[in-house]
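Asks: Here are the chains, one letter per residue:
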Amino acid sequence: MTAFLRVMGAVAGKDLRTELRSRELLPSLAQFVILALLIANFGFDVGQAGSAVIAPGVLWLALVFAGLVAFGRTFAAERDQGSLESLLLTPANRAAIFLGKALAAAILLLACEVVLVPGLALFFGTPVASPTLVGALALATVGMAALGCLFAALAAQTRARELLLPVLALPLWIPFVVVGGRAVQIAMGAPGAGGPALGLLLDFDILFVVVASLAARFVLDD
Amino acid sequence: MTRPLSIAAGLATIAMAAAGAMIFLYAPRDALEGEPQRIFYLHVSAAIAAYVAFALVLAGGVVYLWTESAAADRLARVSAEVGLLFTTITLVMGSLWAKPIWGAYWTWDARLTSTLVLWMMYAAYLLVRRIAAPGRQAARFAAVVGIIAFIDVPIVHFSVDWWRTQHPQSVINAPGGPALPPEMLITFAVTALAVLLLTGVLIAVRYRIEALREQVAGLIEEAEAA
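Residue numbers (the working numbering), protein chains in the order written: chain P, 1 to 222; chain W, 1001 to 1226.
The following block holds chain W by itself, in its conformation from the complex (with noise of 0.2 Å):
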C-alpha cells in the first residue's frame, strides 16, 4: 500500500472504534424502541456509503461509455463490489432491526423492497462482468448494466411507495430540523463519517489491487510474446 492510503486506513480503523464507542456508550438508550435503536446508527451509515459507491458505478460508467478510459472501468467495478457489501450490512442489520420492533424480520415496504432490488441488481452486475468475455466486453456490458440499475431503483422505491409503505420516515431530513436528541446526531454524524472513510478506503485499496492485477497481467503477455 502506498504511505498516503495506509495512513487513511489506519484512520478508518480509528473512526470506526470511535463509532463504536460512541454508539454503545456515549448515545442515549431510545426511549421507545430500547436497545435495538442503537442498530440505526451504523445502518443508515452503511446505506449512505452504498449509495455513494453506486453512484461512482454509474459515473464509472458513464465515463467509460464516453472514453473507453480503463480506470473508469476499474473504479465502477471496486465500486460495485464495496457498493454490494454494504448494501448487505443494510439489509442484514435492517432486518435485525425489524425483528423486535416491526415484529417480522421482513415485510414489503418501499425501502426494503427497492433496497432488495438494489442488492439484486448489483449481484447482477458482477455477474455480468465473470460472464462476459474478459476486457471491452464485460467493461462496456456492465457499465450499460449499471446505468441501468441505477435508474430503476427509485423508481421500484416510487412504485412500492405509491402502493403502500411502512419504513420509518426520515428523522435527519424531518421537516422543521432533526427530529432526534443531539447527542444520537452527533454520533450518528461521526458513524456516517467513519463509513464514508472505510468506504472510500474499501474503494482505494481494490482499485490498487486491481490496477497491480491488470498491469501484471500486461507484463506476462508482454514476456510470453517476447
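This is chain P alone, in the form it adopts within the complex (with noise of 0.2 Å):
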C-alpha cells in the first residue's frame, strides 16, 4: 500500500514538476476560460437579472471544455515524447500510475477553477465563497479527472485522439454535470440544500476513481 502510494505521488509529482518548469497548460487554461466567459457575456447578452439562471451553465461549460484540454495533455504529452512505454517499462503499478497522472491533472484543473470562479463572480456577479459551490467543484472535479484521464490514456493510444477523447469522456461526465449543476444553481439562490448533491457527488467519485483504476490496467498495457 505504501508503495502503490509512494508511485503514486512519484507520477504526479513528476506531471506537477513538468507543469512548473514549462508554465505550458496552466496559462493557457486560464486565459481559456476567460475567453469562456467573455463569449457567454456577448453570447448570452448577460443584464443584471439574468446572470444567476445562466452563470452556472457558463461555470460548467467553461469546465467541461478546460478539463478537455487538460485530461487530454496528460498523456498526449507522455506520448510525444516516448516517455509513456518507459513509464510502462518499470515495474510499478498500472493502477498507480495511473492514479497519479489523473491526481495531477485534477490539481491542475483545480487551479484553474481558482481562476474561473472568482471570474464569474467579478463578471456575472454571482457569490463565490459558498462551501457548497466550492465543495460541488472539488467533487466533480475528482470524479471527472479519474474518468477524463482513463480516456485521455485510451485516445492518446489511438489516431484521431483529438477527436476521440470529448466523444467518449462527455456523455460519462454528465452525471456529475447533472448533480453538480444543481449544487451550483443551489450555491447561487435556486431553492433547495445543497448536501444531498454532494453526497452524491462522493458517491460517484468513489464509484468512478475505483472503476477507472481497475480498467487502467487494461488501457495501458501494450
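Note that these hints are calculated values from the structure, not bench results.
Be aware that a few hints might be false.
[Unchecked claim] To give an idea of the interface, some chain W residues facing chain P are shown, with a C-beta separation under 7 Å as derived from the structure: (1) Leu1127; (2) Arg1140; (3) Phe1141; (4) Val1144; (5) Val1160.
[Said to hold, decoys possible] Reference listing, derived: stretches of chain P covered by chain W, where coverage requires no fewer than 3 residues with Cβ under 8 Å from a Cβ of chain W: (6) 155-165; (7) 175-184; (8) 213-221.
Ideal placement from N, C-alpha and C gives every residue a C-beta, glycine not left out.
Using the hints, put the two standalone chains together into the complex.
Replies: Below, the structure written as C-alpha cells:
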C-alpha cells in the first residue's frame, strides 16, 4: 500500500514539476476560461437579472471544456516524447501510475477553477465563497479527472486522439454535470439544500475512481 | 446462412408481421391517448431489445478482458451495433409519441436523457472500434468503454431522476399487477417476443458475417505469406 502511494505521488509530482517548469498548460487554461466568460457574456446578452440564471451553465461549460484540454494533455505529452512506454516498462503498478497522472490533472483543473470562479464572480456578479459551490466543484473535479484521464490514456494510443476524448468523456461526465450543476444552482440562489448533491457527488467519485483504476490495467497494457 | 439460422430468420419475420397485425387490428384503441398509444408496443419492445444487446456487449467485454477470446469480442461488437439500432428506434418512436401526448418531441426527463446518453456512449463505442488499431487494441479499449458505459447509464438515469422526471411510470411492472387490459398485454407480449427473436437473429447473422470476414482475412494473410 505504501509502495502504491509512493508511485502515485512520484508520478503526480513529476507531472506537476513538468508543468511548473514549462508553464505551458496553466496559463493557456486560465486564459481559455476567461475567454469563455467573455464569449458567454456576449452570446447571452447578460443583464443584471439574468446573470444568476445563466452563470451556473457558463461555469460548467467552461469547466468541462477546460477539463477536456487538461486531461487530453496529460497523456498526449507522454505519448509525443515516447515516455509512456518507459513509464510502463517499470514494474510499478499500472493503477498507481494512472492514479498519479489523474491526481496531477485534477490539481491542474482545480488551479484553473481558482481563476474561473472569481472570474465568474467578477463578470457575472455571482457569489463565490459558498461551501456548496466549492465542494461541488472539488468533488466533481475528482470524478471527472478519473474518467477523463482513463479515456485520455485510451485516446492517446489511437490515431485521431483529439477526436476521441470528447466523444468518450462528455457523455460519461453527465452525472457530474447534472448533480454538480444542481449544487451550483443552489449555491447561486436556487431553492433547495446542497447537502444531498454533495453526498451524491462523493458517491460518484468513489465509484468512478475505483472503476477507472481497475480499468487502467487494460488501457495501459500495450 | 446456416439452416437453423434461416429458419429462425423466417420465424422472426412471421412473428414481426403477426405483432404488426395485432398492434393495429387486435389491440383496443386507448381511451385517453387514442391512436398514438399503439406506438407503445414497439417502443418498449425495442428498448428491452437494446438493453439485452448492451448486456451482451458488457458480458462479451468482461469475458474478452478475462480470456482474450476472439469470439467474445466479436459478440460484443455485433451486439453493440444491433443495440444501437434498437436504441435509435426507441428514441425516434418515443419522440413521435411524445409530440401528440406531451406537446413536444423532447423533454429532459430521466429516461429520455439516459437513453440519449446510452445512444451516444455506444456510438462512441463503435467509434473507438473504428479508430483504435484493429485487433487486440480495438478489442481491449472497446471492452473498457462497453463496461463503463453500462455502469454509467443507470447513474445518469438516477441522477436526473433525483432532479425531476416526467416519463410515464412502468405499466407492466406496476405495483399490484399490470395496469393494462388483457388484449393490450397480450399484444405487448407478442411484440416483445417478436422483437427479441429479431434481435437474436440480427446478432447471429452479424456474428456469422464477422466470423467469415475474419476467416477470409486470415486466409489472405496465409496466402500472402506463402
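Asks: Take the hints in turn and mark each one as holding or not.
Replies: Hints and how they fare:
1. A cut of 7 Å between beta carbons decides the hint on Leu1127/W: the least distance to chain P is about 6 Å, and the hint holds.
2. Below 7 Å, beta-carbon pairs count as interface contacts, and Arg1140/W has one with chain P at about 5 Å; its hint therefore holds.
3. Hint status for Phe1141/W: holds, given a least beta-carbon distance of 5 Å to chain P, under 7 Å.
4. Taking 7 Å as the C-beta contact cut-off toward chain P, the hint placing Val1144/W at the interface holds, the least distance being around 5 Å.
5. Look at Val1160/W: its Cβ gets to within about 6 Å of chain P, closer than 7 Å, so that hint holds up.
6. Under a criterion of three residues with beta carbons nearer than 8 Å to beta carbons of chain W, the stated coverage of the stretch 155-165 of chain P is upheld, 6 such residues being counted.
7. With 4 residues carrying a beta carbon less than 8 Å from a beta carbon of chain W, the stretch 175-184 of chain P meets the three-residue requirement, and the given coverage holds.
8. As drawn, the stretch 213-221 of chain P meets chain W at 4 residues by the rule of a beta-carbon pair under 8 Å; at three or more, the given contact holds.
The structure fails none of the hints (numbered hints given earlier).
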